[in-house]
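**Q** These are the residues of each chain, in order.
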Amino acid sequence: MFKIFEPNKIFKITSKAPKYVIFLFVVILTVGLSEALIFSPEDYKQSHAVRIMYVHVPAAWISLSIFSLITVLSIIGYIFKHQNFFLISKSLAPSGFVFNIIALVTGAIWGKPTWGTWWAWDARITSMLILALFYALYLITWRLYEDKEKVMKITTFITILGIINVPIIKFSVDWWNTLHQPASINILSKNVIHSSMLMPLIIMTAAFALFSLLIFLMKYNTELIKIKNKGLDRL
Amino acid sequence: MYGRKVKLRFLFIFIILTTLILTVFLILKSLEENVIYFQSPTDIKKLSDIYKKKIRVGGMVKKNSVSISANELKFIISDFKNEIIVTYSGAVPNLFEEEKGVVAEGYLKDKNFFLATKILAKHDENYMPPEVKEALEEK
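If you read the sequences in order, they're chains D and A. Using the working numbering, read the first sequence as starting at 263 and increasing by one per residue. Using the working numbering, read the second sequence as starting at 4 and increasing by one per residue.
Worth flagging that the hints you see were computed from the coordinates, not collected in a lab. Among these hints, one or two may not hold up.
Said to hold, decoys possible - Derived lysine to aspartate or glutamate pairs resembling EDC-like cross-links, with alpha carbons at most 20 Å apart: (1) D:415 to D:304; (2) D:307 to A:140; (3) D:343 to D:411; (4) A:8 to D:485; (5) A:48 to A:128; (6) D:307 to A:128; (7) D:307 to A:113; (8) D:307 to A:101.
Stated by the list, open to error - Here are some chain D residues pointing at chain A (derived, C-beta under 8 Å): (9) 308; (10) 378; (11) 384; (12) 402; (13) 406; (14) 408; (15) 443; (16) 445; (17) 454; (18) 455; (19) 456; (20) 458; (21) 461.
Note that this is a predicted model, so its numbers are computed, not measured. All residues carry an ideal CB built from backbone N, CA and C; glycine is no exception.
Put together the whole structure using the sequences plus the hints.
**A** Written out as structure tokens, the structure reads:
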């Protein structure tokens, strides 16, 4: 079923891709940052503190998406016993982890001037911290175990445990009283964020997504080179 | 189409996920009281006895309820059904305002009086520039 995965063919594409991605990333980040920091208006209530949101929200989105993606890939890889899915997951994880930490830190920086506290043990913030711990577990597992079979099983299990936390993060603000505000951007109902603020948010999300793609490609290329050097280990 | 092992692994993952989701759901359901960050004035009214330990009450700061005396701030937290009077001395966050969300941490004196030791402003999900806010208010 997955005969298309031949390391040499993939490597031809993935080794060339980073230079284009980095160009696109720099362009979009420049546009996004100037929109977010200069051109977008200040908020009626929190004034300039709103600009932290343009880093905080995209970072949180990306870290949640990457974890979901890792889980799906790990499960497919586990069911069909295909190593390539695990290599993709492994290469995706570090950027997801970094964005998770960024979301937590920027949240704290925003929380101090608006809420009046750096940290609150409310459901949203705590569940986001738990996600960071799952990312850490996932990354440590890859370093800890040499045996491929073992590492695939354990990482799949960790992602399955962690994925239950993802809907909890998303809906925590609706299910329980939290200090964190509910979502401003809704697919089904009306957005309660003004379009002049939505614009930089979307551009910054695109920039962060490109950055994750860039790091992913670099990590993934390393994995492919390792396999090529060994010569024995076929995908 | 797929091998027997593949089907078994699929079933394995499916059962693990279902079991875990159910377990976590039940745990969270039973822990609800601890998961929530603050209680509403209505929750306080429903209490059978008054807590001695520190709790948090949250809701809206009622319009025209904030009064500042020599060393005390007094205001009413409302959830549009029930209200609770809060007294506090100390600095409040910048976003503390009438008709905006607030979370007060402290001790209950009785079901209508709350002695706050810390005030947090709760920000809502509305984001807009000041001009838009003004335009909205004019309407």
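**Q** Determine for every hint whether it applies to the structure shown.
**A** Consistency of the hints with the structure:
1. D:415 to D:304: Violated - the C-alpha atoms of residue 304 (chain D) and residue 415 (chain D) are around 48 Å apart, more than 20 Å.
2. D:307 to A:140: 14 Å, holds
3. D:343 to D:411: 9 Å, holds
4. A:8 to D:485: 28 Å, violated
5. A:48 to A:128: Distance ~27 Å between residue 48 (chain A) and residue 128 (chain A) Cα, so the pair is violated.
6. D:307 to A:128: 11 Å, holds
7. D:307 to A:113: Violated - the C-alpha atoms of residue 113 (chain A) and residue 307 (chain D) are around 33 Å apart, more than 20 Å.
8. D:307 to A:101: The given pair, whose Cα atoms are some 12 Å apart, holds under the 20 Å limit.
9. 308: 7 Å, holds
10. 378: 3 Å, holds
11. 384: Holds: closest Cβ of chain A sits about 4 Å from residue 384 (chain D), inside 8 Å.
12. 402: With Cβ-Cβ at 21 Å, over 8 Å, it is violated.
13. 406: Because about 22 Å separates residue 406 (chain D) from the closest Cβ in chain A, which is outside the 8 Å limit, the hint is violated.
14. 408: Violated: closest Cβ of chain A sits about 23 Å from residue 408 (chain D), beyond 8 Å.
15. 443: 5 Å, holds
16. 445: For residue 445 (chain D), the interface hint holds, since the closest Cβ of chain A sits about 7 Å away, which is under 8 Å.
17. 454: Holds. Min distance 5 Å.
18. 455: 4 Å, holds
19. 456: Because about 4 Å separates residue 456 (chain D) from the closest Cβ in chain A, which is inside the 8 Å limit, the hint holds.
20. 458: 6 Å, holds
21. 461: 12 Å, violated
Checked against the numbered hints given earlier, the structure breaks hints 1, 4, 5, 7, 12, 13, 14 and 21 and satisfies all the rest.
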